[in-house]
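Which chain is which? The protein sequence lines are A and B, in order.
My numbering applies: residue 25 is where the first sequence begins, and numbers increase by one.
My numbering applies: residue 25 is where the second sequence begins, and numbers increase by one.
Check the hints yourself; a few may be wrong.
When chains are identical, the list treats them as one kind, so a pair holds in a single copy or across two.
As the list claims (entries may be wrong) - Calculated cross-link-like contacts (lysine to any residue; reagent style SDA-like; alpha-carbon spacing at most 25 Å):
1. K57 with G194
2. K121 with R142
3. K181 with D255
4. K140 with H124
5. K238 with H206
6. K57 with P231
7. K121 with Q199
In short, the hints are calculated from the structure, not lab data.
2 protein chains.
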Amino acid sequence: MQPIRALLFDVFGTVVDWRSSIIEEGQAINRDKGLTIDWADFVDDWRGLYQPSMEEVRAGVRPWTTLDVLHRESLDHLIQRYGITDWSEDDIDHLNKAWHRLKPWPDASQGLHKLKRRFTIATCSNGNVALIVDMAKHSDLPWDMVLGAEVTGHYKKQPEAYLNSVSMLGLVPDQVAMVAAHNDDLFAAEALGLKTAFITRPTEYGPNQDKDLKAEKDWTYVAQDFLDLADQLGA
Amino acid sequence: MQPIRALLFDVFGTVVDWRSSIIEEGQAINRDKGLTIDWADFVDDWRGLYQPSMEEVRAGVRPWTTLDVLHRESLDHLIQRYGITDWSEDDIDHLNKAWHRLKPWPDASQGLHKLKRRFTIATCSNGNVALIVDMAKHSDLPWDMVLGAEVTGHYKKQPEAYLNSVSMLGLVPDQVAMVAAHNDDLFAAEALGLKTAFITRPTEYGPNQDKDLKAEKDWTYVAQDFLDLADQLGA
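Hey, can you work out the whole structure from these sequences and the hints?
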């Protein structure tokens, strides 16, 4: 059992509140354009296309494609489905880039600054580099490094997304903890030898969330938020 | 002509004073072990093996190999050449990792903090991710992202090292400036459409440096140091 040297963070849902952020941007569009789109439905539909959109890439039948491109394909599909016809390319691109402007949970920035003093902190997300870097600058998320999907060429839960991220840090899995609000992310990381930290984010999927409300296993750490995790890790 | 959104930095020589840093660590080893190695000679020999060590990887006859491994192979060679026989594996590994602990030029950390407020700042170095991340934490170099060799799988001056770094930021070459103390790095970047910034580092190679003493072309920017560059860029 080696001491932890680095923390790898899932981002969507673990660090940032994607659902509320997109709803807020959508409601501003409603006001701006005099529309009545239900943005809670819209964002749930958009996120619903997230896992399926990565499947062809994971299966190797489609060459590497960034999440920005996959998000845009899903968005184009939804724009049709919602009967939107008069948006400009700039309008659509701006909404697609809302994922670059997602807002952190209240504890996230302060917690990361504390954890960074003691550990290397890096992302291990399916978000592409530009998305994560823009979000970091927008919301003061002081990553030491953006790892995960684009730099490894593999979407989670493919093992390479975790293992190549660990090896790029010059470490072995036992020296790294995966931090996520999703039990399935931690099951995947644990199977590869990483330590695990579960963060409770009970409203990620809105008021009726019915999954990931609690740790489904005795993970290495279980924390209420990043400040609690920092306390538990002595950071 | 688009405005600059991001700055890509060469690291060895441009951000950190590798020669003085290694000499200082070597002199501590001399004191520790009662040795009389001339560390100025030693580090010049070590750095002399740097470009040749990458050639097989660039030529594609050797699979991707990190700079940590290439540095170690060169070091093993020099240890033999200098007649060193009694060092432990830990001794040798510690010296090899001196590249993770290189010290910045006096203006570098403060200059990067200023530039980061206005631009995305990323490395485009041949150093591997662990090397650059460790160095950043050691010397307060607040990179938004570590790009360059390892994440693109290509050593400079291969075009992919620059172009894939630019595209990972979601930008086009004209929106990015390469920052380097080496004219040849800037010739390569300019040929690919990047803007260029030359930084004067007249003692990188020691008191008798005879190259890169001045800009060899009318680069987009020519600056004395990072604070001067920040002033010129309005950061």
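Here's how the hints hold up against the structure:
1. K57 with G194: Cα proximity of K57 and G194: none, with 50 Å in one copy and 28 Å across.
2. K121 with R142: between (32 Å within a copy, 19 Å between copies)
3. K181 with D255: Neither. Shortest intra-copy (28 Å) and inter-copy (45 Å) distances fail the 25 Å Cα cut-off.
4. K140 with H124: both (22 Å within a copy, 18 Å between copies)
5. K238 with H206: Result: close within a single copy only, 9 Å intra versus 54 Å inter.
6. K57 with P231: neither (27 Å within a copy, 65 Å between copies)
7. K121 with Q199: between (34 Å within a copy, 18 Å between copies)
The earlier numbered hints that this structure contradicts are 1, 3, 6.
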